[in-house]
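Colleague: Letter by letter, the chains look like this.
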Amino acid sequence: MQTMNVVETNSPDADVLILTLSGRLDGTSAESFGQQLIERIEAGARYFVLDLAGLDYVSSVGLRALALGGKQLGPLGGRIVLCAPQSRVERVFQIAGFPSMFTTVATQEEGLACVKTPR
Amino acid sequence: MSEDAAALSVVLRNQRSEVERLGPLAEQFGEAHGLSPDDVFAINLVLDEVVLNVIEYGYDDAAEHQIHLLLSVNAGVLTIQVDDDARAFNPLDLPPPNLDLPIEERPIGGLGVHLVKSTMDTVAYRRDGNRNVLTMTKKLDADHERG
Numbered sequence: 024m025q026t027m028n029v030v031e032t033n034s035p036d037a038d039v040l041i042l043t044l045s046g047r048l049d050g051t052s053a054e055s056f057g058q059q060l061i062e063r064i065e066a067g068a069r070y071f072v073l074d075l076a077g078l079d080y081v082s083s084v085g086l087r088a089l090a091l092g093g094k095q096l097g098p099l100g101g102r103i104v105l106c107a108p109q110s111r112v113e114r115v116f117q118i119a120g121f122p123s124m125f126t127t128v129a130t131q132e133e134g135l136a137c138v139k140t141p142r
Numbered sequence: 012m013s014e015d016a017a018a019l020s021v022v023l024r025n026q027r028s029e030v031e032r033l034g035p036l037a038e039q040f041g042e043a044h045g046l047s048p049d050d051v052f053a054i055n056l057v058l059d060e061v062v063l064n065v066i067e068y069g070y071d072d073a074a075e076h077q078i079h080l081l082l083s084v085n086a087g088v089l090t091i092q093v094d095d096d097a098r099a100f101n102p103l104d105l106p107p108p109n110l111d112l113p114i115e116e117r118p119i120g121g122l123g124v125h126l127v128k129s130t131m132d133t134v135a136y137r138r139d140g141n142r143n144v145l146t147m148t149k150k151l152d153a154d155h156e157r158g
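Sequence lines, in order, name chains A and B.
When the letters of the first sequence are read in order and numbered with this note's numbering, they come out as residues 24 to 142.
When the letters of the second sequence are read in order and numbered with this note's numbering, they come out as residues 12 to 158.
Because the hints were derived from the structure by calculation, they are not lab data.
Glycine is no exception: its CB is placed at the ideal position from the N, C-alpha and C atoms.
Treat the hints with care, since some could be wrong.
Footprint (simulated), chain B over chain A, 3 or more residues, beta carbon under 8 Å [stated by the list, open to error]:
1) 51-64
2) 75-83
3) 92-102
Residues of chain B clear of chain A, computed beta-carbon distances all greater than 10 Å [said to hold, decoys possible]:
4) 19
5) 34
6) 42
7) 45
8) 48
9) 52
10) 55
11) 71
12) 96
13) 113
14) 129
15) 132
16) 142
17) 152
Just the calculated beta-carbon pair ranges, DEER-fashion [claimed, not checked]:
18) 37(A) - 99(B): 51 to 57 Å
19) 95(A) - 85(B): 31 to 37 Å
20) 54(A) - 70(B): 17 to 23 Å
21) 28(B) - 133(A): 37 to 43 Å
22) 108(B) - 140(A): 26 to 32 Å
23) 140(B) - 31(A): 29 to 35 Å
The following block holds chain B by itself, in its conformation from the complex:
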């Protein structure tokens, strides 16, 4: 199977209801590529965190915007790319949360980016013109069916 045939490209609008599509999308991609339940969960989680962040905090206007998702599997490595025209935001600039604080002192929130960084092996950000491009990779569980 060629790399292109293995890729899934999806365009979302910047509406809160669009996140409901992400679970079924992860399932569908996982099924097509024989991915493990852990990997399907990881894809769902990463898409949820990144896309919800963009929709909730990325836009200053009320206009419709497009968020592009590209998922692919190549040589046992999953690549997820999220590309949007939201305000420039590099999630890698966020400091990691202090997880040792007791519940009373713990700030609420800020965990999404931490979950993404912990779930994926690599996370790279670039600003391309007026678009944020976030590219993330993860080595798939060894038991997934190749091809």
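Bound conformation, chain A alone:
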């Protein structure tokens, strides 16, 4: 049983990938999501806008998948921006120290506006 859906939305900028996550980024879904991220990066994607408004849950394996993606993108000049996390998910990000690793913004539009700007 898959616990999370990932949908790619049409992006106004061909360089930017918008992924909308919904459900749970947990022990059941994190591995395949992490793999998806890595495959996209290997295929040339550099700028990721992740819309998390529909993401209800995240655990450390999910954080790990995001961190691995971010780590791989760093030296390539790429970036992941996290958009609109729910309050409980954002709290987990904060406990895990994500603010020093990822930019988090309130809306997908803000994410699109800043994802190509270096931090």
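With the hints as your guide, set chain B onto chain A.
Modeller: Same frame as chain A, now just chain B:
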């Protein structure tokens, strides 16, 4: 309601697929005790982190093992106990991760125990014979329905 009636006892096997039961279990316990969504989330997170650690790293053999969970609510305090016969492991011995490091220098992983310690108010470990017993407590959100 007596303390016993308010407790939920569950036995898991040391298989990866067992973690799928933890979300529904937290929901069910939360519903039975009128817990807030924040508290249900916290229970789910703590169980996920502790149980996955035990299953992934705790055993040196391929045999089937039992992991016992005990959840209870008493006087507005949630207690979660996880009891397993895995290799002795005291999560409190782990140093806290350095969260100020930039992404390039950050080690991947090691966050699970940190999440547990940050989510719960108290975390106590003891080795009881050949079992690890981890007992964690958290004061529930004030708006939960008593009893």
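Colleague: Over 10 Å to the closest beta carbon of chain A is the bar; see if residue 129(B) clears it.
Modeller: Given a closest Cβ separation of 5 Å, the condition is violated.
Colleague: Say whether it holds or is violated: residue 142(B) keeps its Cβ farther than 10 Å from all Cβ of chain A.
Modeller: holds (23 Å)
Colleague: How about the stretch 51-64 of chain A: do at least three of its residues have a C-beta closer than 8 Å to a C-beta of chain B?
Modeller: It is violated, with 1 qualifying residues against the three required.
Colleague: Can the stretch 92-102 of chain A be counted as covered by chain B under the rule of three residues or more with Cβ-Cβ separation shorter than 8 Å?
Modeller: holds (count 4)
Colleague: Please verify that the nearest CB of chain A lies beyond 10 Å from residue 96(B)'s CB.
Modeller: Check passes; 21 Å lies beyond 10 Å.
Colleague: Per the stated criterion, does the least C-beta distance between residue 42(B) and chain A lie above 10 Å, as a non-interface residue requires?
Modeller: Residue 42(B) clear of chain A: closest Cβ-Cβ about 16 Å, beyond 10 Å.
Colleague: Can we confirm that no CB of chain A comes within 10 Å of the CB of residue 132(B)?
Modeller: holds (14 Å)
Colleague: Non-interface claim for residue 52(B): all C-beta distances to chain A beyond 10 Å?
Modeller: The assertion about residue 52(B) is violated, with a minimum of 5 Å to chain A.
Colleague: So residue 152(B) supposedly isn't at the interface. Is its beta-carbon more than 10 Å from every beta-carbon in chain A?
Modeller: About 12 Å separates residue 152(B) from the closest Cβ of chain A, which puts it past 10 Å; holds.
Colleague: Would residue 55(B) pass as off the interface with chain A, using Cβ distances and a cut of 10 Å?
Modeller: It is violated; residue 55(B) is separated from chain A by about 7 Å at its closest Cβ, not greater than 10 Å.
Colleague: Does the Cβ-Cβ separation between residue 54(A) and residue 70(B) fall within 17 to 23 Å?
Modeller: holds (20 Å)
Colleague: In this structure, is the beta-carbon distance linking residue 140(B) and residue 31(A) contained in 29 to 35 Å?
Modeller: violated (52 Å)
In this structure, the earlier hints numbered 1, 5, 8, 9, 10, 13, 14, 19, 23 are contradicted, and the remaining ones agree with it.
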